[in-house]
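Engineer: Each chain, written out:
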Amino acid sequence: GNSVTQMEGPVTLSEEAFLTINCTYTATGYPSLFWYVQYPGEGLQLLLKATKADDKGSNKGFEATYRKETTSFHLEKGSVQVSDSAVYFCAPSGGGSQGNLIFGKGTKLSVKP
Amino acid sequence: DTAVSQTPKYLVTQMGNDKSIKCEQNLGHDTMYWYKQDSKKFLKIMFSYNNKELIINETVPNRFSPKSPDKAHLNLHINSLELGDSAVYFCASSRGIDLTDTQYFGPGTRLTVL
Chain A
1 GNSVTQMEGP
11 VTLSEEAFLT
21 INCTYTATGY
31 PSLFWYVQYP
41 GEGLQLLLKA
51 TKADDKGSNK
61 GFEATYRKET
71 TSFHLEKGSV
81 QVSDSAVYFC
91 APSGGGSQGN
101 LIFGKGTKLS
111 VKP
Chain B
1 DTAVSQTPKY
11 LVTQMGNDKS
21 IKCEQNLGHD
31 TMYWYKQDSK
41 KFLKIMFSYN
51 NKELIINETV
61 PNRFSPKSPD
71 KAHLNLHINS
81 LELGDSAVYF
91 CASSRGIDLT
101 DTQYFGPGTR
111 LTVL
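The listed protein sequences derive, respectively, from chains A and B.
Using the working numbering, the first residue of the first sequence is number 1, and each one after it goes up by one.
Using the working numbering, the first residue of the second sequence is number 1, and each one after it goes up by one.
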């Protein structure tokens, strides 16, 4: 089945710093790729997604590009804010026809003022 | 209106008890899921239903039994609770099983087994 490797955390940055969280996947076929975010004490929310090679997903200043040649979907933001502090999960779709997600281990981001 | 809701939000119980967690979605979705998040934040799929039919049943002890009375509801019943069942359980739904479909998550149920 599909699998994902995500950059280990925690990551601590100062406000306005540049953020990269690496994510690589292995997959049969052509998965869709998702980034979800979990704010403290809450459920997961979709941050962005890309459904085919070279697509770029973007939302709230975050971006990630579906790179089929390197099987990667790295998350970037040019200038983080304190409110971005959360756990970020990379998730390719699970493969087959079942639509489930395979989650990475999550990367905890803390942004200091 | 909450799109995906779960009850209860917190559940504290003794080992050996039987408990249920309920999930409802008002998005008109056909597919619902249960995920388990352990203490290290690792999330793993447990079950998935599509149009009330079980389509994913991962390696989960048979003490866990999902039930989908209709497309808007997916409940999780757990028999003979064990310490290792302590986790946060998330319900999710999606329009269908297409690989591009976004999943919408509930707020989670934190289960603590004493």
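Some hints here could point you the wrong way.
[Stated by the list, open to error] The list that follows gives simulated cross-link-like pairs (lysine-lysine, BS3-like), each with its CA atoms no further than 27 Å apart:
no.: 1; chain 1: A; residue 1: K108; chain 2: B; residue 2: K67
no.: 2; chain 1: B; residue 1: K52; chain 2: A; residue 2: K108
no.: 3; chain 1: A; residue 1: K56; chain 2: B; residue 2: K44
no.: 4; chain 1: B; residue 1: K71; chain 2: A; residue 2: K77
no.: 5; chain 1: B; residue 1: K40; chain 2: A; residue 2: K112
no.: 6; chain 1: B; residue 1: K40; chain 2: A; residue 2: K105
Calculated from the structure, these hints are not laboratory results.
Engineer: Decide, hint by hint, whether the structure agrees.
Structural biologist: Against the structure, the hints:
1. Only pairs whose Cα atoms come within 27 Å are accepted, and K108 of chain A paired with K67 of chain B is rejected, the gap being roughly 33 Å.
2. A threshold of 27 Å between alpha carbons decides the hint, and for K52 of chain B with K108 of chain A the separation of about 35 Å lies outside it, so the pair is violated.
3. A threshold of 27 Å between alpha carbons decides the hint, and for K56 of chain A with K44 of chain B the separation of about 26 Å falls inside it, so the pair holds.
4. At most 27 Å may separate the alpha-carbon atoms for a hinted pair to count; K71 of chain B and K77 of chain A exceed this at roughly 38 Å.
5. Restraint check for K40 of chain B and K112 of chain A: the C-alpha separation of about 22 Å stays at or below 27 Å, so the hint holds.
6. Simply put, K40 of chain B and K105 of chain A have alpha-carbon atoms about 8 Å apart, close enough for the 27 Å limit, and the pair holds.
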